[in-house]
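There are 2 protein chains.
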Amino acid sequence: MAELKQLTSRATNYSQWYNELVVKADLAEQSAVRGCMVIKPYGYTIWEKMQHELDRMFKETGHQNAYFPLLIPKSFLCREAEHVEGFAKECAVVTHYRLKNDPDGSGVIVDPDAKLEEELIIRPTSETIIWNTYKNWIQSYRDLPILINQWANVMRWEMRTRLFLRTAEFLWQEGHTAHATEQEALEEAQRMLNVYADFAENFMAIPVVKGVKSPNERFAGAVETFCIEALMQDGKALQAGTSHFLGQNFAKAFDVQYVDKDNKLQYVWATSWGVSTRLMGALIMTHSDDNGLVLPPNLAPIQVVMVPIYKNDEQRTAVVAKFEELAAKLRKAGLSVNIDNNDAKKPGWKFAEYELKGVPVRLAMGARDLENGTIEVFRRDTLTKETMPIEGVEQHVVELMDAIQKNIYQKAYDFRKSVTREVNSYDEFKVEIEKGGFLLCHWDGTPETEEKIKNETKATIRCIPFDGDKTPGTCMVTGKPSKQRVIFARSY
Amino acid sequence: MAELKQLTSRATNYSQWYNELVVKADLAEQSAVRGCMVIKPYGYTIWEKMQHELDRMFKETGHQNAYFPLLIPKSFLCREAEHVEGFAKECAVVTHYRLKNDPDGSGVIVDPDAKLEEELIIRPTSETIIWNTYKNWIQSYRDLPILINQWANVMRWEMRTRLFLRTAEFLWQEGHTAHATEQEALEEAQRMLNVYADFAENFMAIPVVKGVKSPNERFAGAVETFCIEALMQDGKALQAGTSHFLGQNFAKAFDVQYVDKDNKLQYVWATSWGVSTRLMGALIMTHSDDNGLVLPPNLAPIQVVMVPIYKNDEQRTAVVAKFEELAAKLRKAGLSVNIDNNDAKKPGWKFAEYELKGVPVRLAMGARDLENGTIEVFRRDTLTKETMPIEGVEQHVVELMDAIQKNIYQKAYDFRKSVTREVNSYDEFKVEIEKGGFLLCHWDGTPETEEKIKNETKATIRCIPFDGDKTPGTCMVTGKPSKQRVIFARSY
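For the protein sequence lines, the chains are A and B, in the order given.
In terms of this note's numbering, the first sequence opens at residue 582 and continues consecutively.
In terms of this note's numbering, the second sequence opens at residue 582 and continues consecutively.
Because the hints were derived from the structure by calculation, they are not lab data.
Predicted, not measured: the structure shown is a model, and the values here were computed from it.
Misleading hints may appear alongside valid ones.
Identical copies go unnamed one by one, so any copy, or any two together, can satisfy a pair.
Said to hold, decoys possible - When the alpha-carbon atoms are kept at most 35 Å apart in a straight line, the in silico DSBU-like pairs for lysine-lysine are as follows: (1) Lys931 with Lys716; (2) Lys987 with Lys845; (3) Lys1051 with Lys817; (4) Lys630 with Lys640; (5) Lys696 with Lys670; (6) Lys927 with Lys1061; (7) Lys681 with Lys1039; (8) Lys938 with Lys833; (9) Lys926 with Lys716; (10) Lys605 with Lys833; (11) Lys833 with Lys696; (12) Lys910 with Lys640.
Full structure from sequences and hints, please.
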C-alpha cells in the first residue's frame, strides 16, 4: 500500500508532484463540474484552522462579519468602468429560474418561459453588490467607518484550473470597508496587509514580501493594490493576499455620499481585501517534500501521532496504555493528538501515511521501549528520529512544536534569500529568469516596459517592495530613470 | 429617534411586526436581487453563534466538514426520480460562462458563443453532487461510515419570500453520511435529530416536538424524514430542522456499492440532515415582543449592556470607571459585556435601542447610585427592573443568564402547551384551526385525506410525534382506523 502513495519527486516534475500530493494527502480533488474542486475533510480542516485565526485577527482589528447575495445583477458590474473590464468577462451567468419536464419524457430542460429580465452573475467578487447596499447604510459621518468582512464562495470561469491554485469556484474572505477620509482608508488597507503578513509568517510559516502592485497588476477598480508575495520551492512567486485602496471609485459608481461634520456632502472612501483557498496551495508548495506534506504545527489538524509497535495483544495493550497517559498530558498542553491503534495496518504503512499527511511529530513505542523507558520521536520537517527517555518527553514534544514552526519558516526564508538577487541588464535578466527566484531590477515605471518584459520572458512585477534598498537607478530595458528596484518573477 | 424604531404590535399585525423587527433590529434586509437577503452584522453574529454550537455538536458526534461544488450538472438532478420532482423545478440555471462588450457600446451582454453544453444548477441541496463524489470514495466496508457535514449557501427560486423564513438564497449546513447497514443509517438520522432538538431547546430556548413526517411532507428522495417542529407566537408551526433516512435511493441512483466483509457487493445506506438561517426566523418569532427582540443569553451577541447616567463629565467618568470594574469581573465569568459610553445619545434612547436588540440584561447606574452603592438591573425577558447593591451584583447577573434562558424556554413551552389540544371531529377541526396552535387528531394515514384537509383548511400534518399518547382511534375525516394522533397545524 505504501507504494501506491509514492509521489513523483519535485526534481522530476514539480507540477506533477503538487497535483499528486494534493490528491494523495486527501486535501482536495476535481469534481464532476469543470474547474470546481471538492475540498476533502483533511484539507478542509486545515482551511478551517486558517479561517479561525484570520477571523480572530479581523475581529481584533474591529471588523464584523456579514453576508451579501451570491448573485449580482449584470448591470451592477458595469457601473465601475475598470471593474467590468477585469471581472465581467469570464463568469457564470444565470439566465433562467426554472426547469421543466422534457416533453419527450427524458429528464428536464430549461423552461424558456422562465427567462430572467436581467441576467444574474455569480459573484466573482462583491464590491458592486456591497456598495449598492452601503448606499442605504451611509448618510452621515456618524455612520462611518463600516468595517465588514464576508466569508463566501466566489466564481471566476478560469480556463486552466489547478486544485487550490486556480479553480472556477473558490472559498475566500473579502473585507469591504467604508471611511470618511482618504487617510483612514489608506491606513485600513495597510493594516489589513499587515494582518495578512502576520498570518502568513506566524501561522503558515511562509515569509512574504510586502509591497504595492504596479498598475498592470492592480485590482480592477482599485487606486492602489497592496500585496504579500511568497516564493515557492520551484522558484515561482505566488500572490498570497491583496488589500486594495479603492479611493472613491465605488462610492462614485454607486453614488455613496455622506454629510460630514461641516454639513457638506462627500464621497465615501473604500478598501477591500481578501485571501482565499489559494493559500492552501501556498502552504503545500512552500514546505512539503518528496515524502509528502510538511505542515506548520500552528495549522496541522493532527500535531502529534502515536504509533504503537507490538507483536501480540498484551504488548499492544501495554504500549497503548502508556500512549494514552502521554496523550492526556499533551492534550492538556493544548496539542491535538491521535493514537493510531488500527490493527489492520502495519507500523511502516502508518509511518508513510503520516509523513504524507504532514503530521509534525510522530511518536513510536514498542515493548522493548516500554521496558527501557524510552520512546522514538520523529520530526517530519527534518525527517530525523531520536530515541529518548519517556520521562519528560511531553515537554520536549511541546517545545518541538515551536521549534518546527520556526525551522520551516527559517528554511523557507533562507531558500528565498538564496534565490533573490539583483539583476542589472536585460540580457542577464533573460538568463536569470529561467532559473527562477525573485529578481531585483530597475524598471522605468511604465506599463509598456512591464508589458514588453512579460511578453518576452513571462515574468511580471510581483511588487514594488516597501522594505529594502531604495537607491534609484536606470531601467534595465530602456535605460530611463528608476526610483527603486522592484521584484520580478514568474508566478502562479 | 426612539419613535422611529416603534414596532407595529404583534396583536395589530403579526406578520408586519416580524418584518419590521428583522429590519429595525439590524438583523437582515432585502437586497437588490429578488428574494436574496443581506444578513447584517448583528444578525450574522447570532448566526455565527448558532454555527459555533452546532459545529461543535457535529464534531462531538464524529463528523468532519468538507466542501462540495456550488454548481450541479442538470443531469445529476434527474438521477433520483423523486428528487428531481422536488428540487429541479424552481432553481437558478447557469447557461453561459462569459459576457462580452455590447457592440452598441452600452455595457455588457451574454456572449452567445459561451453557451454551456450542459446547464449547471445552483445547488438547492447537495445529495446528487455528493453521492456522485462518494462513488469514488467507497469501495469496501472499511471506507464506511463517511460522516461529513458542509456549511454552504443554497438556492431555491421561491416566488414569495420573507427574510430568514423563505429566501431564494439561504445559508445552511447539510450533513451527508454513508453507512454499511440500514440500522446504522437509521440510528445516524435519529442521532442528528436529537442533536437538533438539543440545540433548539438548550441554546435557542425553543421547545420542539420530535417526530416523523407523513409521506406528503417527506424530503424528495427520502425513505423517512424526521423533524423537529416548533410553534410560533401566532399559533403557526415552523419546521426547525429535518434529518432524512435516505435508504439506498441515492446509492442506487449513483451506483455506490461496497464490498462487505463476506466479499459481497452491497448498496450503501445514506442519511442527510440540515438546518438553515430559517432558524433565525424561529428564534425571533418564538421569544420577541412588541418592544423588540428577546434573545436567549446562550446566543445573544451582547449579554449585558451598561448604560451610564450622568449630568456632567465628572459623574460620567466616575460611573464608567465603576462599570469598567464590574465589566472586567463579568467578562472573566465568560459574559460578553458592552459599556455604552456614547455621549451623543440619551439614556432613554439607549434603553429602547437595547430592548429592540434583545440584550438580556441592562445595567444602569447614576451618580446617586454610586453614592448609595446601588445599581439598576433590567431583565429584557420580563421587562422588570430592580435596584440592588452593587456589591455582589456580578454573581446575580451571572445567575440571571441562566434564569432568563430557562424562563423564556418555559414561557414558550407553556404557550405551546396552552394551544395544543385534541380535536375529534372535522367540523370542530375547521373551527379550531382558525385559532392556531397544534391540533392532535386521528388521521387514517393516507395521502388523500391529508391532501383534502390541506386543500380545505390550509393545515398540514407537522409530524407524527415520537412521544405522547399512542392510543389508536378513528380518522376525524374518513372514520377509518388511525394508529395514533398526529399534529396538524398551519405553518410557515
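Going back to the hint list, which numbers does this structure go against?
Checked against the structure, the hints that fail are numbers 2, 6, while the rest are satisfied.
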